[in-house]
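A.B. asks: Spelled out from the first residue to the last, the chains are:
There are 2 protein chains.
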Amino acid sequence: MNAEIICIGTELLLGNIVNTDATDVAQTLSEMGISVYRYTAVGDNPERLAEVVQAAARRADLLITTGGLGPTLDDLSKQTVAAAFGKKLVRHPECEADIRTYFERLHRPMTPNNLLQAMLPEGCTVLKNDWGTAPGCVFDAEGVKVIMLPGPPRECRAMLRYRVAPYLKGLSGQTIHSRYVHIFGMGESQVESLLHDLMEQSSNPTVAPYAKEGEVMLRITAAASSQAEAETMIEPVAAQIRTVLGPLIYTEEYDSLEQTCLNLLRQADKTLATAESCTGGYIAKRMTDLPGSSAVFVGGVVAYTVPVKEQLLGVPAGLIERCGVVSVEVAAAMAEGVRARLGSSFGIGVTGLAGPDGDGSNRPVGLVYVALSNGANTWVRAIQQTGERERVRYIAGHHAFDMLRRVLTGLPVEWQ
Amino acid sequence: MNAEIICIGTELLLGNIVNTDATDVAQTLSEMGISVYRYTAVGDNPERLAEVVQAAARRADLLITTGGLGPTLDDLSKQTVAAAFGKKLVRHPECEADIRTYFERLHRPMTPNNLLQAMLPEGCTVLKNDWGTAPGCVFDAEGVKVIMLPGPPRECRAMLRYRVAPYLKGLSGQTIHSRYVHIFGMGESQVESLLHDLMEQSSNPTVAPYAKEGEVMLRITAAASSQAEAETMIEPVAAQIRTVLGPLIYTEEYDSLEQTCLNLLRQADKTLATAESCTGGYIAKRMTDLPGSSAVFVGGVVAYTVPVKEQLLGVPAGLIERCGVVSVEVAAAMAEGVRARLGSSFGIGVTGLAGPDGDGSNRPVGLVYVALSNGANTWVRAIQQTGERERVRYIAGHHAFDMLRRVLTGLPVEWQ
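First to last, the protein sequences are chains U and C. Using the numbering used here, read the first sequence as starting at 1 and increasing by one per residue. Using the numbering used here, read the second sequence as starting at 1 and increasing by one per residue.
Quick caveat, the hints were computed from the structure, so don't treat them as lab data.
Straight-line C-alpha distance at most 25 Å; calculated BS3-like pairs for lysine-lysine: (1) LYS145(C) <-> LYS87(C); (2) LYS128(C) <-> LYS169(C); (3) LYS128(C) <-> LYS145(C); (4) LYS128(U) <-> LYS212(C); (5) LYS128(C) <-> LYS87(C); (6) LYS212(U) <-> LYS128(C).
The structure presented is a predicted model; accordingly, all values stated were derived computationally and were not measured.
Input sequences plus hints: build the corresponding full structure.
C.D. replies: Right under this line is the structure:
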């Protein structure tokens, strides 16, 4: 079975929003072993939309559309998609009732155009939307299955998980299963150079590299009759990769670096506190993005000024004047200070120049000191990054988490 | 002039990465008045890629590709695109030199496959990449302009700004200019209902709504011979919208809510500190995302446990026991406490249940109290959100910033 995704909305073509729907649909289909050969974004223009839909229907067995189900004037797309398959829109009274209930529950006024969302193609199966007002639907036409989903990312994601995935299970025969080997501390081309033969010779399982911001992910994918069989095929390949990359691999689960740290802290029954200057709460934010982080994360201090560093973190008066705010010594004092004051097992301290401007000293923009303290020891890494503020801050967080997971797994903190 | 964007990479079709390149290219083109009628994502499959490129070349005057320039084995796409226009790849010695310099500067080992990136279509103009190793290029073929850009988002974005935009200026005749009216506190369909006539009758300028997470943006776009003329056409429409939506409009610049707060704080010469429980540093992170935030942002405390709230924020002992951690009283005490301890003009305090799990009390998941204190007064909003942890945390931040900008502009903090 092969699928195409069509994302509808002029705002996509104007670059006003990022197309996370396409990614979410693609991921869902990929996990079910359904191949996606292309996806297309098209505006709220009936003629061009019809053209895209008709061309995709000639190539694919399954068509998933996102967007164009909303109540605004520029969302005329539902009609166009239905018409491309010779279908009319008809009123679905049960959807009307759901829409009314949704607004009552949120105590929000409902406007008449909200009820337009209850108009769906004749003969379709309604996909109930418990996360917004526009229901989705599935219908069969001319040998193609068409699934229409709402555009707002949160709704689209929930519909995929609770409506589309259950529906598609059973339609797909073979299991395609992947393992993700996550690597921090080496660039994509160097990883590929080390694993060149393995990757070039791979067929089933295949090995493919993906560069993510600041890290590399290797995806090992096997096609088999069951997940267990796929896992058996994947393991020897993973073992070969481990031999080459060893301590650079931080997990083989589908987990982020911070999730890996959370898991390790839980297992070790340890806690963490953060003291952030240039990262400004980003590391605490990443840790608290994770459900269950309250079990290991005590809290943190965002110390954006010298008095806050001294007063809340106990950085000794004079140290900043002597060594500079951006220094090994201050990073270490911040890590130790927050650990001691908040009573956690580990403390992270970060100070640096995220840019775009420097601090008037001769320290280069992009220089960040990341410190980790466990009371007995304090380690500091000096990192020099190129690129934008967001990237400098993000990568600094990566280093903090990498140092933590190394200490928690008994690896040396030195990374190069 | 009309353009199509082709994003190349199997990782897009597997849903491993979000296609921010398409958004960035679309935004750049839109700002230059170049229409984008569709964009397509396709994998590293020569046959399907050739098909997509040829079809797009028949429809568009300008083709921009992203991705497929990298050094890994699965990036064979450059050849395919060149071949679709009857071009061979040839070695560009000046690119080779740039690639060598790049690795030397970062003190990273260069591998032979990195040099493959110096192979570009014959007769092309090279677009130098100062942010990575793969150069881009422009060439003309069969009446179509083709621009090839690297896939990594950071590189693509920089190339658009510093290479593509300057090149495209001059190719486009008419100026298309937009103003963005940002609204917080009302849903998209309600906004559209209030402005129905204005939007339906609009032609030049046009008015179109965009729902963003937790807010609505109205884009007023005029086509004219100059930006000044476009602005003159836009202003009366903006004035009409102001009459209807008044205090819900937080800015008419292309600024976020937090950037608006930063600007207002600077103008008023005031400072801010944050005390966050459930948002876990997210509000501080959003404030410090902004260059120049150190002029107004003092710092913050992420108080994820009761002792941290009492010790670092001075929340009175017994208050939490009496009122519960998630309460109006604790939010207010956090805002007041952080303001007093960090010596800022304003303090923000946030406590709530971000989910997915509750806290064992009868308080519902998604309930958040957001407090703002200026010493003389403390205001608290109770917000009940549906949806995921990320959304609950994000919207709580929106409310904190909305309260702050209302106080700073002399508006009532009450929002409904």
